[in-house]
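Trainee: Residue strings, one per chain:
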Amino acid sequence: MTERPVVVIGSSLAGLSAVETLREAGYEGLLTLVGEEPHQPYDRPPLSKQLLLGTWEAAETALRPDGHLSRLGVEMHLGRRAVALDPAARTVTLDDGTPLAYAGAVIATGARPRRIPGVPDRDGVHVLRSLDDALALRTALVARPRVVVAGAGFIGLEVAAAARAVGCEVTVLEPLRAPLTRVLGPVAGGRFAALHAERGVRVECGVGVSGVRGAGRVEEVRLTDGRLVAADVLVVGAGVAPNTEWLDSSGLPVGDGVRCDVYCASGAAGVYAAGDVARWPNPLFGEEMRVEHWTNAVEQGRGAARNLIAELRGRPGERRPFAPVPSFWSDQWGEKIQFAGRAAAEGRTAVVLDEPDRRRFALAYARGGTLRGALVVNAPRVMAVLRRLLAAGASLDDAVAAVRT
Amino acid sequence: MNLKVDLAKCDGYANCVAAAPGVFDVSDDTGKVIVLTDRLDEESSDGVVEAVRDCPTRALSVDEGSS
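As given, the protein sequences belong to chains A and B, one line each in that order.
Mapped onto the working numbering, the consecutive letters of the first sequence carry residue numbers 1 to 405.
Mapped onto the working numbering, the consecutive letters of the second sequence carry residue numbers 1 to 67.
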């Protein structure tokens, strides 16, 4: 059977997972991967860790061996951006005008760093998202600059740790009351402020960055309370925004991501979305989410691709709702920090493990008695147990009992 | 299908345990993966292929040898 063409837009982890899944599932048709960056698919988590520290070179971030995608028979358009998708004509158009006809498409265009209003793009101002961003920042850190990091999210804190470790003077400024509030909730963040302060990173919460001063390059950073801080490098870690602008003319439902159903389907025939750009209702949690983490990119790329194949083969009944336990990790100063599920601001939390001498800690998040999330430090087996309980919809009491026995 | 584990790369993320709980666990002492069975049958092999893809440190691999 000749199968009709599939186009995957986005050549990072979710897009890679989608093309690999399509081939593994026996899809033999024309398969095209479009990527805005010129690089073969590479891994992002090491960018803020090994790459900045200088323990890895750029080539080590490659996700697959050379030639892997051509062996899979994937046609690559790298260094090319998709600029439009026409669901009626079933074409994706690239920035050089190339039209790609599709029967199936997976949108995996990811997200880009948010900027801070009032902070212009100038020498000394950095973000960290791409390999090129990381290489530019690493080069800047060689001169041991004074570094200000705007935003105490995971990226901001990992950059702070790496910059400090290579000998820079580092200040982290966080507009909210504690680091990591957006993902971990207000309770847990304080622990991480202390972790960084012990290593000589200045962490100041409740204050943001409103601008920069300097002739041609950053010399001072202006804070939201009016103070000026001397700095050579400003790293903006203010979160990311999904790359959906190219879909504005498509009529696809977009709003903080491509809005999908439980199958990761966009509503247009044959069009699915995965990774940081996809927003979908996760039936396991009963809420709509958009997840910006590594594991979700792999899992959702796979889930979307499998559902697309089922649709293309005229067997929509074989599609499966995408119902993962979102999870991610961060490594800071040798601490293994893992999180799974959701940290509902309005929920309850319970410390289920606290062994300061072994530096082990676990916090469970619950809503209405049901386990919703878990934060685990230096205890991977505890995380494996809690992840299983999250997937099973267990109660907070079950989680407490399982960890303490 | 043969499963190979590179313990030097493993960092205990336990994504493999989520993908194939009957095949993998993670040790509390070493913080590294434990393979629970060396017999990979038809049923467990799908989960193992997922586990290979889900490993953030690329510590797992499979080849199609017979064993």
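Hints are not guaranteed to be accurate.
Below, a list of computed lysine to aspartate or glutamate pairs in the EDC-like style, where the Cα atoms sit at most 16 Å apart [said to hold, decoys possible]:
#, chain 1, residue 1, chain 2, residue 2
1, A, K336, B, E50
2, A, K49, A, D132
3, A, K336, B, E42
4, B, K32, A, E60
5, B, K32, A, D132
6, A, K49, A, E245
7, B, K9, A, D132
8, A, K336, B, D11
9, A, K49, B, D29
Hints are computed from structural coordinates only; laboratory data are not their basis.
Trainee: Look at each hint and say if it fits the structure.
Mentor: Against the structure, the hints:
no.	hint	in the structure
1	A:K336 x B:E50	23 Å, violated
2	A:K49 x A:D132	14 Å, holds
3	A:K336 x B:E42	34 Å, violated
4	B:K32 x A:E60	22 Å, violated
5	B:K32 x A:D132	32 Å, violated
6	A:K49 x A:E245	30 Å, violated
7	B:K9 x A:D132	25 Å, violated
8	A:K336 x B:D11	9 Å, holds
9	A:K49 x B:D29	24 Å, violated
Taken one by one, the earlier hints fail for this structure at numbers 1, 3, 4, 5, 6, 7, 9, listed in ascending order.
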